[in-house]
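Required output: the full structure, derived from the provided sequences and hints.
One line per chain: the protein sequences are A and B, in this order. If you count the first sequence from 1, position 140 lands on 140 in the working numbering, and the numbers rise without skipping. Just so we're on the same page, the working numbering is the position in the second sequence counted from 1, plus 265.
One should not assume that every hint holds.
Quick list of in silico lysine-lysine cross-link-like pairs, BS3-like style, CA-CA up to 30 angstroms [to be verified]: (1) K89/A x K99/A; (2) K99/A x K129/A; (3) K34/A x K599/B; (4) K112/A x K129/A; (5) K89/A x K599/B; (6) K599/B x K99/A; (7) K582/B x K106/A; (8) K106/A x K599/B; (9) K112/A x K582/B; (10) K356/B x K392/B; (11) K599/B x K129/A; (12) K582/B x K99/A; (13) K599/B x K131/A; (14) K599/B x K112/A; (15) K392/B x K358/B; (16) K43/A x K99/A; (17) K34/A x K129/A; (18) K131/A x K112/A; (19) K582/B x K599/B.
Honestly, the hints are just simulated from the structure, not real lab data. Keep in mind it's a predicted model, so treat the numbers as computed, not measured.
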Amino acid sequence: MYDAPQTQREVDLTQTKIAARNVQVYYGDTHAIKDVDVNIEDKTVTAFIGPSGCGKSTFLRCLNRMNDTIDVCRVEGDILIDGEDIYDKRVDPVQLRAKVGMVFQKPNPFPKSIYDNVAYGPRIHGLAKNKADLDDIVERALRRGAIWDEVKDRLQSPGTGLSGGQQQRLCIARAVATEPEVLLMDEPWSALDPIATAQVEELIDELRQNYSVVIVTHSMQQAARVSQKTAFFHLGNLVEFGETGQIFTNPEDPRTESYITGRIG
Amino acid sequence: MSDASLQSPSAAPARKGSLHRQDERTRKRNAAEARFRGYGIAAIAVGVFFLVVLAFSIIRSGVPAFTHTVLDVEITLTQQQFDEAEAQLFKTKAYAGYFNATLTAELERRGISVPFDEAAIERLAGKVGGTLREFYRANPDQLGQPVTFELPASSRVDGYFNGRVSRDTLQESRFLMLADLDLVDALSEAGIIHGTFNWNFITGADSGVDNPGGAGIGASVVGSFFMMLVVLFLSLPIGVAASIYLEEFAPQNRFTDLIEVNISNLAAVPSIVFGILGLAVFIQFAHLPQSAPLVGGLVLTLMTLPTIIISTRASLKAVPPSIRDAALGVGASKMQAVFHHVLPLAMPGILTGTIIGLAQALGETAPLLLIGMVGFVARGYPDGFIAGFTEPNSAMPAQIYTWAARADASFYDKAWGGIIILLIFLLTMNIIAIILRRRFERRW
Numbered sequence: 001m002y003d004a005p006q007t008q009r010e011v012d013l014t015q016t017k018i019a020a021r022n023v024q025v026y027y028g029d030t031h032a033i034k035d036v037d038v039n040i041e042d043k044t045v046t047a048f049i050g051p052s053g054c055g056k057s058t059f060l061r062c063l064n065r066m067n068d069t070i071d072v073c074r075v076e077g078d079i080l081i082d083g084e085d086i087y088d089k090r091v092d093p094v095q096l097r098a099k100v101g102m103v104f105q106k107p108n109p110f111p112k113s114i115y116d117n118v119a120y121g122p123r124i125h126g127l128a129k130n131k132a133d134l135d136d137i138v139e140r141a142l143r144r145g146a147i148w149d150e151v152k153d154r155l156q157s158p159g160t161g162l163s164g165g166q167q168q169r170l171c172i173a174r175a176v177a178t179e180p181e182v183l184l185m186d187e188p189w190s191a192l193d194p195i196a197t198a199q200v201e202e203l204i205d206e207l208r209q210n211y212s213v214v215i216v217t218h219s220m221q222q223a224a225r226v227s228q229k230t231a232f233f234h235l236g237n238l239v240e241f242g243e244t245g246q247i248f249t250n251p252e253d254p255r256t257e258s259y260i261t262g263r264i265g
Numbered sequence: 266m267s268d269a270s271l272q273s274p275s276a277a278p279a280r281k282g283s284l285h286r287q288d289e290r291t292r293k294r295n296a297a298e299a300r301f302r303g304y305g306i307a308a309i310a311v312g313v314f315f316l317v318v319l320a321f322s323i324i325r326s327g328v329p330a331f332t333h334t335v336l337d338v339e340i341t342l343t344q345q346q347f348d349e350a351e352a353q354l355f356k357t358k359a360y361a362g363y364f365n366a367t368l369t370a371e372l373e374r375r376g377i378s379v380p381f382d383e384a385a386i387e388r389l390a391g392k393v394g395g396t397l398r399e400f401y402r403a404n405p406d407q408l409g410q411p412v413t414f415e416l417p418a419s420s421r422v423d424g425y426f427n428g429r430v431s432r433d434t435l436q437e438s439r440f441l442m443l444a445d446l447d448l449v450d451a452l453s454e455a456g457i458i459h460g461t462f463n464w465n466f467i468t469g470a471d472s473g474v475d476n477p478g479g480a481g482i483g484a485s486v487v488g489s490f491f492m493m494l495v496v497l498f499l500s501l502p503i504g505v506a507a508s509i510y511l512e513e514f515a516p517q518n519r520f521t522d523l524i525e526v527n528i529s530n531l532a533a534v535p536s537i538v539f540g541i542l543g544l545a546v547f548i549q550f551a552h553l554p555q556s557a558p559l560v561g562g563l564v565l566t567l568m569t570l571p572t573i574i575i576s577t578r579a580s581l582k583a584v585p586p587s588i589r590d591a592a593l594g595v596g597a598s599k600m601q602a603v604f605h606h607v608l609p610l611a612m613p614g615i616l617t618g619t620i621i622g623l624a625q626a627l628g629e630t631a632p633l634l635l636i637g638m639v640g641f642v643a644r645g646y647p648d649g650f651i652a653g654f655t656e657p658n659s660a661m662p663a664q665i666y667t668w669a670a671r672a673d674a675s676f677y678d679k680a681w682g683g684i685i686i687l688l689i690f691l692l693t694m695n696i697i698a699i700i701l702r703r704r705f706e707r708r709w
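Printed below as a string of structure tokens:
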């Protein structure tokens, strides 16, 4: 599947979940993402860091084609998940998004009950054969979202009535309920207080055992805490990508160093 | 922040002085605020004043339409009298004779004597003989028993009772003579003639131009109802489908921009234009029945569509995009996202817009004039559900317009009464809109 030049890069292809090659994103005339090449590994937390407007969220939204909803947005290059080009004409974005779940910046539970929030994905994808099955799926998802103990007695109460941190964990539970293989998180902490943030961070570390997790964050400390791999974006370019420890202690690119030490951004 | 120390010298003195004393600027500002509040209160007061005046004048002018004057007469007709009357050449005249005899006897019994003849009774209560004959021919078993007849008095007598006609203003005519008023007074004293609630106004159909007493708004309420059915079942699905497509699916290009602009423009097109369009397309081209609620409904649908589309699009726009993202993020298709999540959240707005559109359509007159829904409807109620759409009928506002244009002053009362009924319908619809909005609104 891969072209020859790609194999020259020092990546272990057996582990690669998502491979992006030469990705360009345009918003109308604006060139938002330039020449991004990245390999995202399975069962790893990959963090995208960079200053505001650097394109990290845009790139993240390319990975499950959420950018399709924006009329003026155009994506070029290849993004492969398990070796399959997701921008191929044959790919239905609906199937893709079932495989690549997403958690958004602001907690956005549906204005329905907690149960229905989690059950919605499995329902539309036909994952449950009967009610008992669906109950199991909901419980498992809520447990993985580390929120089961808090909500098990009020599954029928509205999801929007939870606190911010609980809402975000509910959204994570909703995302994992459809059994995705990749979980994309676009600054899931931005609306949360430090305690809720810590809970979500812990949760992400647990999720790593089952999924490939990609997070976008402003906070370098956060990236350092939760991720194994870090990609630094600046002005639409992927400046540096590598082991988190290496990026934070011994960056190769002077721009990365400037950002980490607080001189830019 | 090096400029923090550079305090402007002119600003410094303003901050001096006691906080307990207002400076000139603050006083001016407070005065301006007080003036503005005054304007606001005055504006509201003017609005409320006009509303009260309007409501008062509508109720004062409209209430007489709900009462009418009747003659209560108890008659006992024997089988022999019935046979004799039926044997005569002028049968109804014989019945009128019986009526007059009964009335005279009734007045004498109460010690009131006033001269009157058959012509006077006819001026007061119409063709009494005919009414009697019809009743006894239909119910022969009532012969020999006392039967109470409640005969509606003529519109002039009505006017005399509610103050529109007085002895000074009465023009003697074949409708009412001055001397008849003596009879009316006498009958009133005897308790035979009195005012009562006019059910016929609410349930009846329109009457001839010389019989305002018999006019009712019921048939045109039915006409309006069938029209609203057409409007609701056409404009709601079409309007909502169009808005969902434009708002959620359509690409943003020059063509959709053009459509948007045109929808907004359509909302501002005078309704008479829709009327003449309906006349040309539905009646002259498609040969749909004239004066039918079906055609009226089609024309009003055209009028209501822009309103519904605009309000539906506004309420779709008001649904936060994060809900769409959330649905798409778990792998819902665009249609699932719209129908499972966006549409339910937009529902209160859509329903409110629809009902407001319907209320507008309910009160619309001009297009109905052009498609002939102002005709005199002698037939009254339609013969069935399907006929309700296709048979000629009137609509409430058109009926009110017709009455207001008639010569007899009693019809003027009827027009006001019709407006009260129309306003009751509109208020009911608005209340339903509020209830629906409350019910569908998610407060979490």
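- [ ] For the pair we were handed, K89/A and K599/B, check the Cα-Cα distance against 30 angstroms.
- [x] 17 angstroms, holds
Open item on the list: Just to be careful, I want the Cα atoms of K89/A and K99/A compared with a cutoff of 30 angstroms; is the pair within it?
Closed with: Since the Cα atoms of K89/A and K99/A sit roughly 17 angstroms apart, the hinted pair holds (cutoff 30 angstroms).
- [ ] Below or equal to 30 angstroms on CA atoms is what counts here, so check K34/A against K129/A.
- [x] 45 angstroms, violated
Open item on the list: Need the status of pair K582/B, K106/A: alpha-carbon distance at most 30 angstroms?
Closed with: 19 angstroms, holds
Open item on the list: Holds or violated: K392/B and K358/B, Cα atoms, limit 30 angstroms.
Closed with: 9 angstroms, holds
Open item on the list: Check the hint pairing K131/A with K112/A against an upper bound of 30 angstroms on the C-alpha distance.
Closed with: Judged against 30 angstroms, a Cα distance of about 18 angstroms means the pair holds.
- [ ] For the pair supplied as a hint, K356/B and K392/B, confirm whether the alpha-carbon distance does not exceed 30 angstroms.
- [x] The hint holds at about 12 angstroms.
- [ ] Would you mind confirming whether the straight-line C-alpha gap from K582/B to K599/B stays at or under 30 angstroms?
- [x] Holds, because 15 angstroms separates the two Cα atoms, which is no more than 30 angstroms.
Open item on the list: Given the hinted pair K599/B and K131/A, is their Cα-Cα distance within 30 angstroms?
Closed with: Between K599/B and K131/A the Cα gap is close to 26 angstroms, so the pair holds against 30 angstroms.
TODO: Measure nothing beyond the straight line between the CA atoms of K582/B and K99/A; if it is 30 angstroms or shorter, mark the hint as holding.
DONE: 29 angstroms, holds
Open item on the list: K106/A and K599/B were given as a pair; does the straight-line alpha-carbon distance stay at or below 30 angstroms?
Closed with: Holds - the C-alpha atoms of K599/B and K106/A are around 21 angstroms apart, at most 30 angstroms.
Open item on the list: Tell me if the straight-line CA distance from K599/B to K129/A falls inside 30 angstroms.
Closed with: 24 angstroms, holds
Against the hints set out earlier in the document, a violation occurs for number 17 only.
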